[in-house]
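Undergrad: Below are the chains, spelled out letter by letter.
There are 2 protein chains.
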Amino acid sequence: MDTSFITALKKALEKRRAEYTEKLKKLIQVPTTFLNEQHGQRLIEKYISDIGLEVNSFIPNIKVLKKHPSYMSNRDTFENSPIIIGEWKGSGGGNSIILNSHIDVVPTGERNQWYDDPFSGVFQDGFIYGRGATDMKGGTISLLLALQLLSDIQVTLKGDVIFQSVVDEECGGAGTLATILEGYKADGVLIPEPTNQKIFPLQQGSIWFRLKLRGRSAHGGTRYEGVSAIEKAMQVIQQIRQIEMRRNQRINDPLYQNLPIPIPINVGKISGGDWPSSVPDYLEIEGRLGVSPEETIEEAKEEFSYLLSPALLQDPWFEQYPIDIEWFGASWLPGKIEQTHPFMKALVDSFESLYHKKPRIEASPWGTDAGLFSQVAHIPAIVMGPGITELAHFPNEKIKLENVFESAILYAIFLTNWCKLDSD
Amino acid sequence: MDTSFITALKKALEKRRAEYTEKLKKLIQVPTTFLNEQHGQRLIEKYISDIGLEVNSFIPNIKVLKKHPSYMSNRDTFENSPIIIGEWKGSGGGNSIILNSHIDVVPTGERNQWYDDPFSGVFQDGFIYGRGATDMKGGTISLLLALQLLSDIQVTLKGDVIFQSVVDEECGGAGTLATILEGYKADGVLIPEPTNQKIFPLQQGSIWFRLKLRGRSAHGGTRYEGVSAIEKAMQVIQQIRQIEMRRNQRINDPLYQNLPIPIPINVGKISGGDWPSSVPDYLEIEGRLGVSPEETIEEAKEEFSYLLSPALLQDPWFEQYPIDIEWFGASWLPGKIEQTHPFMKALVDSFESLYHKKPRIEASPWGTDAGLFSQVAHIPAIVMGPGITELAHFPNEKIKLENVFESAILYAIFLTNWCKLDSD
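Those protein sequence lines, which keep their order, are chains A and B. The first sequence begins at 1 in the UniProt record's numbering and counts up by one. The second sequence begins at 1 in the UniProt record's numbering and counts up by one.
To be clear, the hints were calculated from the coordinates, so they are not data collected in a lab. Possibly wrong hints are sitting among the right ones.
In this list, chains with the same sequence are indistinguishable; a pair is considered to hold if it fits within one copy or across any two.
What the hints assert, rightly or not - Capping the alpha-carbon separation at 25 Å, the derived lysine to any residue pairs in SDA-like fashion look like this:
| no. | residue 1 | residue 2 |
| --- | --- | --- |
| 1 | K63 | H378 |
| 2 | K26 | E170 |
| 3 | K15 | I51 |
| 4 | K26 | E79 |
| 5 | K212 | I237 |
| 6 | K63 | G183 |
| 7 | K15 | S151 |
| 8 | K185 | S70 |
Please construct the entire structure, taking both the sequences and the accompanying hints into account.
TA: The following block contains the structure:
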């Protein structure tokens, strides 16, 4: 990549800085929580058309979606949750790309945990604050700004660029699944989830489980006459740690070397018993099973269930009262693109030409819509964006504004590398 | 005890069988749950006056009670919860006795767990069914019937008999405390809680605790970045098992030899975390700490708190976030009467003269109002009654009718032994 091109992008950025700062603030100020995505999507439509792209939108057909094995959502309709598409047709002969961004944000949680209104979009000490700032409205603005800058310096790309603003990423990916079923495809997908500009070619999948355990009640003063569901739960949690260890010992991809536990099993919730002086006779555990890109969700479920079966728990109690295992709520497919794939190489090269150093390449510790692209649409997908994972889903979520701008430059270079510049 | 006296009692019983069966049924049919004791108490008043005893009743002064260190109740008033007293003055020169019975019953729980209406009072296959049948309306009727039989065979006792029908036993003993503060006293107390006619000279005390534990939240996919309150709870529960072992190793009274764990610590309830794929940052445990008659409630609390202090848990996490320990809800004082005490000997002798075998003497695995008599009023108290502990507080509670009658005979003999027959 020649230096004068990068210089031109940076120069163009200076003129767009104030406008796109404002656009990010406004986008954060729209509370695009589950089922409330419409106003945010309308704003995205306007932003796309400001750049000069062709705008499309569609309402997913929930009846069709519900029949798909990877569909996972609690909604009854998409009526107020459109998908927005911005298309920039290439001149032909280059690689096409999907830029996939989600508009939905997770709930704000307790208001008193926030210093300011959770949807303030306030700018302070270099950061813009608000739910969704880092996950992932910052990344969305970076993508749009990249397209804006390419347009500003009058670049023509050979390959098609399809920008997608989807819903439901936070609850299992129904929006992205809808774009796939609608027929959108390309030679590669970039998703600007907050990775602090690390490149994630491997996506951890996940699925939620609920375990129901039985005990036998008795008065607390004669607790030895009962069987405590809490003590049984302690055995089960020990076994879950064993299962986690066993599953992770198999992981040998060097991209996982910085993750202490590549595919963790999280025990997130426990609830059992109803009286201090009774032996608890019932208990529920809820958690998240991490799924590796080397296995399917079904394989992971089967292994987990097998290792929690009565025979493996070595306690006659479970022969009599086996653990009832439910799979519920959200799931995310795992995903993988080989590091030797040209799509990966194009992104790594772009990073090196901008920063003059090697990017950090890691496996993601969570699931994204990249799994759907990878496993359902069979399109290689990479996750990389501004924003920091650790700030996502937490109170006082924020993003460093300069990172949004830097990522825009990086994306613009990457698009040029991948879709190819038409120099005619 | 001469045989002709016992024969006379048994003969008198035959004439009262139908009447007292009906009286027990009716008493069970009144749902005397917390705050709803009034109608049951009015029935007791009638039963007492049927026997010919002097009836008194009083409304405890809640302001005075609340100032007492052993007061424990959630109520705001006793207005509809009178205490009923039946007095049978002796001719003088004998030992006096308090016969203490509680009218309150625990909630019925889920209706569908009962084969019949929980307050049916139905008689079937030798048992009378209903909430309170065994705990302890059966025992109450045994006591009243004993007095009736003594009256029927025209016995005069030397010592005073004070029958008390109290409230709030099931939630910490405020009713009995009120009788003590009202000035009622005697040389011994008998409480007909369901022991299946075993004699309990030792009463286990108890107190409820609530432990609040902190964790540090993180995304489940990077669970190693958080600190799980559930894993901390597992450490704490292990420690509670150690504390229980340590406390029970000290117990060497042979009366405890049939109890696998003389003073258990029951972990009755656990609740933590709120999202399957987040590391739980908060958890609560509720339970019951058994208290031995050899210690005070305060001593037991102190030891428990000390053994859960950060230094003893050997985990720096607890230095930073110590366990918050609350003592809440009900508590029962422990109690003890020496086996050599004449009051004990009188009961044992009575048992032997009726059954021609030794009674089973054990330590109680739960608390009763006997602790209040023992520790606050300093009156020796014994617990013994018909009905079976294991049926108390459970659905389909029942009592064997013959046991109610047998106990009435036993109580009548005991009253004669203790209060002394006036043969003039």
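Undergrad: Work down the list of hints and note, for each, if the structure agrees.
TA: Do the hints match the structure? See the list:
Taking the shortest Cα distances, K63 and H378 sit within 25 Å of each other inside one copy (23 Å), while across copies they are farther apart (76 Å). Within a single copy, K26 and E170 get their C-alpha atoms as close as 21 Å, which meets the 25 Å cut-off; across copies the closest is 60 Å, which misses it. Taking identical chains as interchangeable, the C-alpha atoms of K15 and I51 lie at most 25 Å apart only when both belong to the same chain, with a minimum of 14 Å there against 102 Å between chains. Proximity of K26 to E79 under the C-alpha cut-off of 25 Å is restricted to the intra-copy arrangement: shortest distance 23 Å within a copy versus 62 Å between copies.
When the C-alpha separation of K212 and I237 is checked against a cutoff of 25 Å, the pair qualifies both within a copy, at 13 Å, and between copies, at 20 Å. For a Cα distance limit of 25 Å, the shortest separation of K63 from G183 inside one copy, 17 Å, qualifies, whereas the shortest one across copies, 76 Å, does not. Proximity of K15 and S151 under a CA criterion of 25 Å is satisfied intra-copy only: 13 Å inside one chain copy versus 107 Å between copies. Taking the shortest alpha-carbon separations for K185 and S70, only the intra-copy value of 18 Å comes in at or below 25 Å, while the best inter-copy value is 75 Å.
Comparing the model with each numbered hint stated earlier shows that all of them hold.
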